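Number of protein chains: 2
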Amino acid sequence: WKRDPFDPTMADGKFWGRGCGDTKGNLIMQLLAVQAWQRVEGRPPINLKFVVEGEEEVGSPHFASFVHANKEILKADGATIEGGDHLHEGTPKIELGCKGILYVEMVSRTASVDQHSSYAAIAPNPGWRLIHFLTTLRDANGRIKIPGWYEDARRPTARELRYLRASAFSADALKGFWGVKHFIGGENNFELLRRLIYSPTCTICGFVSGYIEEGTKTVNPAVAKAKIDFRLVPNMKKEKQLAKLRDHLKSKGFEDIELRPAPENLEAAAISLAARVVKAAIKGSVDAYGREPEVWPWSAGASAHGFFNEVVGVPSISGPGVSYDGSNYHAPNENIRLTDFIGGSKHMAAMFARM
Amino acid sequence: WKRDPFDPTMADGKFWGRGCGDTKGNLIMQLLAVQAWQRVEGRPPINLKFVVEGEEEVGSPHFASFVHANKEILKADGATIEGGDHLHEGTPKIELGCKGILYVEMVSRTASVDQHSSYAAIAPNPGWRLIHFLTTLRDANGRIKIPGWYEDARRPTARELRYLRASAFSADALKGFWGVKHFIGGENNFELLRRLIYSPTCTICGFVSGYIEEGTKTVNPAVAKAKIDFRLVPNMKKEKQLAKLRDHLKSKGFEDIELRPAPENLEAAAISLAARVVKAAIKGSVDAYGREPEVWPWSAGASAHGFFNEVVGVPSISGPGVSYDGSNYHAPNENIRLTDFIGGSKHMAAMFARM
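Going line by line, the protein sequences match chains A and B.
Mapped onto my numbering, the consecutive letters of the first sequence carry residue numbers -11 to 343.
Mapped onto my numbering, the consecutive letters of the second sequence carry residue numbers -11 to 343.
Any given hint could turn out to be false.
Note that identical chains are pooled: a pair holds if it fits in a single copy or bridges any two copies.
Stated by the list, open to error - Computed cross-link-like contacts, DSS-like style, restricted to lysine-lysine with a CA-CA straight-line distance of at most 25 angstroms:
no., residue 1, residue 2
1, 271, 59
2, 169, 213
3, 63, 133
4, 240, 228
5, 12, 169
6, 225, 205
Bear in mind the hints are in silico, worked out from the structure with no lab data behind them.
If you're wondering where the values come from, they're calculated on a predicted model, not measured in any experiment.
All chains should be modelled from the sequences, with the hints used to inform the complete structure.
Below, the structure is given as structure tokens:
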């Protein structure tokens, strides 16, 4: 962090602080849209319901039961959920759903105590053990090797791909933000975007074993842990994919490795381009930004769409919101651009009129 | 630790504390052997020189220059170096040398900042990258796959193996100490001991990437690091093996991974069973313990033998010292048995007479 993450500041046309993009800024932006409408036009033209849930970053442990217990209150003609953003050059983006997430901690324990590493010629090593299992999960190109993993994954439609071909998505901009030299899957923007959206992932979010401080320690550790994030695309269901992972572990002979799925509740879900709330969001973009938005069939990140689309039956989208693709969610120097904040608020007000 | 590691205590016939086995206890034991000889017999029958070096655990950064600058002072008919121990049932062990160590930190950096893991479909992941490199180094059975790695490794002699066949080495005892179910390389004690002594190793002493605390964080990290300990057997030289590792990294296309060899200075080295100091140590064992010792051609751990054997030209061994194979060097609950401490001290005094 270049600034104190918990002492938010405005500088360089941006607002800096932990959670400003993901997702406190979106809450304020919506309230300001209502306030602006009230000041200029009076009463908003549609009924509005706000659902404020503050536990998304810890897997929304209470949201599922809340939604199931309050379906009637939550019914609506359409919903917007935080999660969209703007592209680097300012194009607003709407998303018609989200990926889901299956987050699994994997633990190899090969002894009850660490040993001196001089014994490693005969003593098992949990890091090696876990690594050998991990390499059965995914190849170097990101393809997941668990049998049947892609079976249920929703495939692209021709109309979805037309939108993506027109996208201003810029891999070079992302590379610049992150200091990345090469992406997986080529250099072509459309190919990378298609991959970003339609590819399930298997990511090492964390790995720890043994001695990790500066310098050397000659230890053969007793334990190794990995935190693996599987992103699922719509139609892939968390429990079913977890069962496939467990079968794979067993069939590969790694039953000594413990799988600890995190209590995440976010399933993948997406609605059709034909839905009324989608049309309102597209028209709202022309009203607010003077141009058509990017339209993505779903987001690369997880969100609460499944609860609205599938549990309550309210078609939901994510509008452009307040952030952009350099907002550094979950990373140092999180920030939003003030122009995006204003644009997102105008878009929200425009949707009031277009629904 | 069941006790404060820095508040040493005696309990259950053992002495508990950090460094009591490796290796403060050995220093005290030798001084007590001299004191005992002086009290009972007067002046020791041979000239004695003590070399006390306190930086072995950080790779002895100053010892090489000390030895090279003081060869004349260090000349002797034989030397003993800490590092031996007793087997679980009390058999004293002498070792005629040691393995060497090449400790290398390996770093994969795929970005300048961490990213949200939803981008992992296209963003490279340093954990995966490092894991894919690591699996080119060693197979699941511990065999090192770097071309030519074993080329220089000293092979067993028939006489060495005869000693090892007679060894009381017990894999089950080690399994009990460490809570290990299966060793690599079978269940037969002799086969495991041969492997322990003659096999070079490639061990993951540490691995860290991304989020390693409790719970979940959906991050695609920028960096992954592994600390790899290669144990070398006599005749394998550190710099030559490192060059083979570098060639391998290059030929496998992993030049983006940085290799940081630690400034360790301990080469593998071993003397012959025919040396005078070996004979004195074997006879000294009969004097002190009433039985022949185990004789290992070298230790599984690293030590300073190379400096004495090869730089100064003093044949050196490691006597049984004060510890045993459950002493938990470099691990919690380090301890020595008082009977081993007394036995080691008697053996040292017996060697004064037998040299």
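Checked hints:
1. When the C-alpha separation of residue 271 and residue 59 is checked against a cutoff of 25 angstroms, the pair qualifies neither within a copy, at 28 angstroms, nor between copies, at 87 angstroms.
2. For a Cα distance limit of 25 angstroms, the shortest separation of residue 169 from residue 213 across copies, 19 angstroms, qualifies, whereas the shortest one inside one copy, 28 angstroms, does not.
3. In the homo-oligomer, the alpha carbons of residue 63 and residue 133 never lie at most 25 angstroms apart, since the shortest distance is 40 angstroms inside one protomer and 61 angstroms across protomers.
4. Taking the closest pair of Cα atoms, residue 240 and residue 228 come within 25 angstroms of each other only inside a single copy of the chain (19 angstroms); across copies the shortest separation is 37 angstroms, beyond that limit.
5. In this assembly of identical chains, residue 12 and residue 169 lie within 25 angstroms of each other by CA distance neither inside one copy nor across copies; the values are 31 angstroms within and 50 angstroms between.
6. In this assembly of identical chains, the alpha carbons of residue 225 and residue 205 lie at most 25 angstroms apart only when taken from different copies (21 angstroms versus 43 angstroms within one copy).
Hint compliance for this structure: hints 1, 3, 5 are not met, and every other hint is.
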